[in-house]
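Participant: With chain P held as given, fit chain S onto it using these hints.
Chains P and S, in that order, give the protein sequences. Taking my numbering, the leading residue of the first sequence gets 88, the next gets one more, and so forth. Taking my numbering, the leading residue of the second sequence gets 88, the next gets one more, and so forth.
Be careful, since some hints might not be right.
One copy or any two copies: either way a pair holds, since identical chains are not told apart in the list.
[As the list claims (entries may be wrong)] List of simulated lysine to any residue pairs, SDA-like, C-alpha gap at most 20 Å:
id : residue 1 : residue 2
1  : Lys358    : Leu478
2  : Lys187    : Gln515
3  : Lys187    : Glu500
4  : Lys187    : Ser512
5  : Lys181    : Arg510
6  : Lys94     : Tyr381
7  : Lys417    : Ile93
8  : Lys543    : Phe222
9  : Lys94     : Lys417
10 : Lys201    : Leu541
11 : Lys358    : Leu496
12 : Lys187    : Asn501
13 : Lys187    : Trp505
14 : Lys516    : Asn186
15 : Lys201    : Glu542
16 : Lys181    : Trp505
17 : Lys94     : Glu460
18 : Lys187    : Glu514
19 : Lys181    : Asp504
20 : Lys417    : Asn91
No wet-lab data here; the hints were simulated from the structure. What you are looking at is a predicted structure, and each value in this text was computed from that prediction instead of being measured.
2 protein chains.
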Amino acid sequence: MLINQIKQTELETIHEKTLYLLEHVGVDFEHPELLELYRKQGLRTEGNRVYFDKETVERALSTAPASFVMKTPFEELKIGEGGQAICSASGSRKILRDNKVYDPTPEDYVNIRKLDASSNMINLSSSPLTYIPAFPKERAEVIKGALTLKYSTHPVIMSCFGKTDAEETIQLARDFYDTDEGYYTIGVGNVISPMRYAKDDIEGQLAYTKRNLPVVIACCAIPGMTSPVTLGGTIVQNNAEVLAGVIMTQLVNPGAPVVYGNTTYVSNMRKAMPVSWGCEEAVFIQYAKAMADYYHIPCRTGGSLSMGKELDYQNGAETAMSLMTSLDVKADFIFHSFGEMDGLNVFSFEKYVLDEQIMAARKSVESIDIFSEEDMDLETISEVGPGGNYLAEEETILRYRTEIYYPELYSLENYADWERNGRVSVEQKAKERVEKRLREYTPPKFTAKQRAVLEKALEGFDL
Amino acid sequence: MLINQIKQTELETIHEKTLYLLEHVGVDFEHPELLELYRKQGLRTEGNRVYFDKETVERALSTAPASFVMKTPFEELKIGEGGQAICSASGSRKILRDNKVYDPTPEDYVNIRKLDASSNMINLSSSPLTYIPAFPKERAEVIKGALTLKYSTHPVIMSCFGKTDAEETIQLARDFYDTDEGYYTIGVGNVISPMRYAKDDIEGQLAYTKRNLPVVIACCAIPGMTSPVTLGGTIVQNNAEVLAGVIMTQLVNPGAPVVYGNTTYVSNMRKAMPVSWGCEEAVFIQYAKAMADYYHIPCRTGGSLSMGKELDYQNGAETAMSLMTSLDVKADFIFHSFGEMDGLNVFSFEKYVLDEQIMAARKSVESIDIFSEEDMDLETISEVGPGGNYLAEEETILRYRTEIYYPELYSLENYADWERNGRVSVEQKAKERVEKRLREYTPPKFTAKQRAVLEKALEGFDL
Numbered sequence: 088m089l090i091n092q093i094k095q096t097e098l099e100t101i102h103e104k105t106l107y108l109l110e111h112v113g114v115d116f117e118h119p120e121l122l123e124l125y126r127k128q129g130l131r132t133e134g135n136r137v138y139f140d141k142e143t144v145e146r147a148l149s150t151a152p153a154s155f156v157m158k159t160p161f162e163e164l165k166i167g168e169g170g171q172a173i174c175s176a177s178g179s180r181k182i183l184r185d186n187k188v189y190d191p192t193p194e195d196y197v198n199i200r201k202l203d204a205s206s207n208m209i210n211l212s213s214s215p216l217t218y219i220p221a222f223p224k225e226r227a228e229v230i231k232g233a234l235t236l237k238y239s240t241h242p243v244i245m246s247c248f249g250k251t252d253a254e255e256t257i258q259l260a261r262d263f264y265d266t267d268e269g270y271y272t273i274g275v276g277n278v279i280s281p282m283r284y285a286k287d288d289i290e291g292q293l294a295y296t297k298r299n300l301p302v303v304i305a306c307c308a309i310p311g312m313t314s315p316v317t318l319g320g321t322i323v324q325n326n327a328e329v330l331a332g333v334i335m336t337q338l339v340n341p342g343a344p345v346v347y348g349n350t351t352y353v354s355n356m357r358k359a360m361p362v363s364w365g366c367e368e369a370v371f372i373q374y375a376k377a378m379a380d381y382y383h384i385p386c387r388t389g390g391s392l393s394m395g396k397e398l399d400y401q402n403g404a405e406t407a408m409s410l411m412t413s414l415d416v417k418a419d420f421i422f423h424s425f426g427e428m429d430g431l432n433v434f435s436f437e438k439y440v441l442d443e444q445i446m447a448a449r450k451s452v453e454s455i456d457i458f459s460e461e462d463m464d465l466e467t468i469s470e471v472g473p474g475g476n477y478l479a480e481e482e483t484i485l486r487y488r489t490e491i492y493y494p495e496l497y498s499l500e501n502y503a504d505w506e507r508n509g510r511v512s513v514e515q516k517a518k519e520r521v522e523k524r525l526r527e528y529t530p531p532k533f534t535a536k537q538r539a540v541l542e543k544a545l546e547g548f549d550l
Numbered sequence: 088m089l090i091n092q093i094k095q096t097e098l099e100t101i102h103e104k105t106l107y108l109l110e111h112v113g114v115d116f117e118h119p120e121l122l123e124l125y126r127k128q129g130l131r132t133e134g135n136r137v138y139f140d141k142e143t144v145e146r147a148l149s150t151a152p153a154s155f156v157m158k159t160p161f162e163e164l165k166i167g168e169g170g171q172a173i174c175s176a177s178g179s180r181k182i183l184r185d186n187k188v189y190d191p192t193p194e195d196y197v198n199i200r201k202l203d204a205s206s207n208m209i210n211l212s213s214s215p216l217t218y219i220p221a222f223p224k225e226r227a228e229v230i231k232g233a234l235t236l237k238y239s240t241h242p243v244i245m246s247c248f249g250k251t252d253a254e255e256t257i258q259l260a261r262d263f264y265d266t267d268e269g270y271y272t273i274g275v276g277n278v279i280s281p282m283r284y285a286k287d288d289i290e291g292q293l294a295y296t297k298r299n300l301p302v303v304i305a306c307c308a309i310p311g312m313t314s315p316v317t318l319g320g321t322i323v324q325n326n327a328e329v330l331a332g333v334i335m336t337q338l339v340n341p342g343a344p345v346v347y348g349n350t351t352y353v354s355n356m357r358k359a360m361p362v363s364w365g366c367e368e369a370v371f372i373q374y375a376k377a378m379a380d381y382y383h384i385p386c387r388t389g390g391s392l393s394m395g396k397e398l399d400y401q402n403g404a405e406t407a408m409s410l411m412t413s414l415d416v417k418a419d420f421i422f423h424s425f426g427e428m429d430g431l432n433v434f435s436f437e438k439y440v441l442d443e444q445i446m447a448a449r450k451s452v453e454s455i456d457i458f459s460e461e462d463m464d465l466e467t468i469s470e471v472g473p474g475g476n477y478l479a480e481e482e483t484i485l486r487y488r489t490e491i492y493y494p495e496l497y498s499l500e501n502y503a504d505w506e507r508n509g510r511v512s513v514e515q516k517a518k519e520r521v522e523k524r525l526r527e528y529t530p531p532k533f534t535a536k537q538r539a540v541l542e543k544a545l546e547g548f549d550l
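Isolated chain P (complex conformation) (with noise of 0.2 Å):
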């Protein structure tokens, strides 16, 4: 869903009101030990506060990659200039099963990493933020870490949940991927709105940027509550916090990979909270890969969001413009791809596999030469001529399986043929489909020390 065409000038004139807040409101660090490193590098400061002026910022912008390669032993990951990664859920509190939701236990955390391995869209595992109330807290994010790389080999996200989090999880990836070198995982890190890096945030954040590792920076307001009620305001005030949380991982460690996120929502004012779908959030969404590209950094953006309660039309409508919107503006990194709804709040596996054959349809018809003469082949067209057939046609008969996208969990028969079918609801054969991946999954095979590493991180549990 693109709904505008935006123009250079208006990037311009974001970027301008930017540098004003960035210079005259200032930016928020609870942390001494940066505020330090900004006074050193001849910032304004004013307690926790701090006056980011124009040099400053093109300086940090102009050593920020403009993409960069994740590299495991396993598999790369190019994101951005062209290398798009797809992310898979994160967020959930509760599992969705039956029309009730549950607490996730440790086997729906391993399931879904199931799914993660056996898709043909995800390229990007994510660790964190699935909350399972079995794991003890202080050791939560180090299993959570292992399973993701137990049951899946694509690269993954660690987590970014304050210093102790960060470091010992970026540690298992290195001890597991035995590396020390290149960008072998990345972290997920918020700024809070409006204008503010809390200490947590700042340590789990630094822990990536110090040894060199990527992290993205993503904002998450509520317009009318932590940003402007006005969609122009929060794309401003969005922009300043991003590009602050740039600025820090490039004055700390110039060059370190960094990626622009925005996560904004809209927010339900007559309740005073944040809901995960609107058009505004496609507005959102837009606006943010165009700085993004304006600053030659790469993006990444919501994926397949809905305040839906079920699977039902709510979920589908805003699942699909949510998602889209992403895939419009090629967004460099799609995070929470599959599987959330309820504003991040509920996970469903029906949901991931009925999201991802959207996003297959979609990347269906991106890579099609329509302007090859194979393509347009005007040749059969002749032949067929007016008031003719191409059933029986020999390009018909060969392209007919891959020219055009075949979803295979909704009903495209008619509808007496559906009734005569048993009336078997897309729910039913997206369970179906879920059951089928868990059973056929295969786990991967690892070395002794790979297995030792994991081990040692599941003590305790078997999983």
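Facilitator: Same frame as chain P, but now just chain S:
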């Protein structure tokens, strides 16, 4: 869902290939009078086949208007050059009610018209196509036309099902509006792929063109069956088909308004049947609009298309994707906007109002001036400052109702609140909304003469 950014050279390629097909393969027109007119204008014909040379194509295109204004005593509607027709459901042979499908009754037909009348997005009502078994075949189109005129004041699409239906319903509109000037109604006609205009279709379309009334020429190919299985082949054949119809109108009556239409579906080749949504369809919509722009004529595309059987995830996702694509390309005429599913075969009242909310959300952000000083609102951002909140700000209180779209039928509360409030489904809310809209409907006021015209057309039907 905007898949490609189409380049001018691509459009030129499609146009060149189209010229080749029109000149060397030809198009069948099953209409001796029209064939005679083609011959008189120097075109080569063979049997029913006509070959259009480049000069004829260019001459015809030079007279087709880029926009036109429909005008009735009640409303005006510009189509093209910024004017956008949002047209209601049309085509359903069944009504979905309480999870079962039924034959539409006369009362259903009237109720669809009442929803059209009370929609704040519909600006063009469609009279034909919905199949009401209770109406006698020979009078059905006139009865439906009269009911459409009676229950809403929007301009009306009249029948185009052949000479008699077209002429009788045009006459009805003429009598009702008491005018024979301007563009007081419009017809929608089809070409039969591949490249054949059947007698009834031609006669229906010419009934409009000869009276200088606008007509929409739409192709509706099924790739692999009535057009090449490839996207490129289907696009070029579709363009040749529609262009031949556009040329027909201009050779018969130069300057008569004509709309470039596209309804091409994809196909379920495993069952050799058309299916009404796939991402391929979004590609066809995008190229249709681009070619119509290339020819400087308005473009018609589809609206809320889905193969869904229930108001489920599939239905919402497919509808959002097709509707957003038509909005992304700024289609001048969106047909089947609300309420249709099962590949246009089924109409759902609940879907009508759920579809409306998607479009309303989109429209709500299209008009916002993000870059006004007021919207950017640096003053409030500066006042609130880092760590503050916007809840009590004057701007928030003044604007929260208008700034952020509130889709009343979708669930925006969190899961716990939704449970506490009785787990009301989105479908249930839609049902209540439909009942309210029908209950609160107030009929338009007509003159005695207008009432007399309607009474005569509806004789024997107490509707």
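Participant: Going back to the hint list, which numbers does this structure go against?
Facilitator: none
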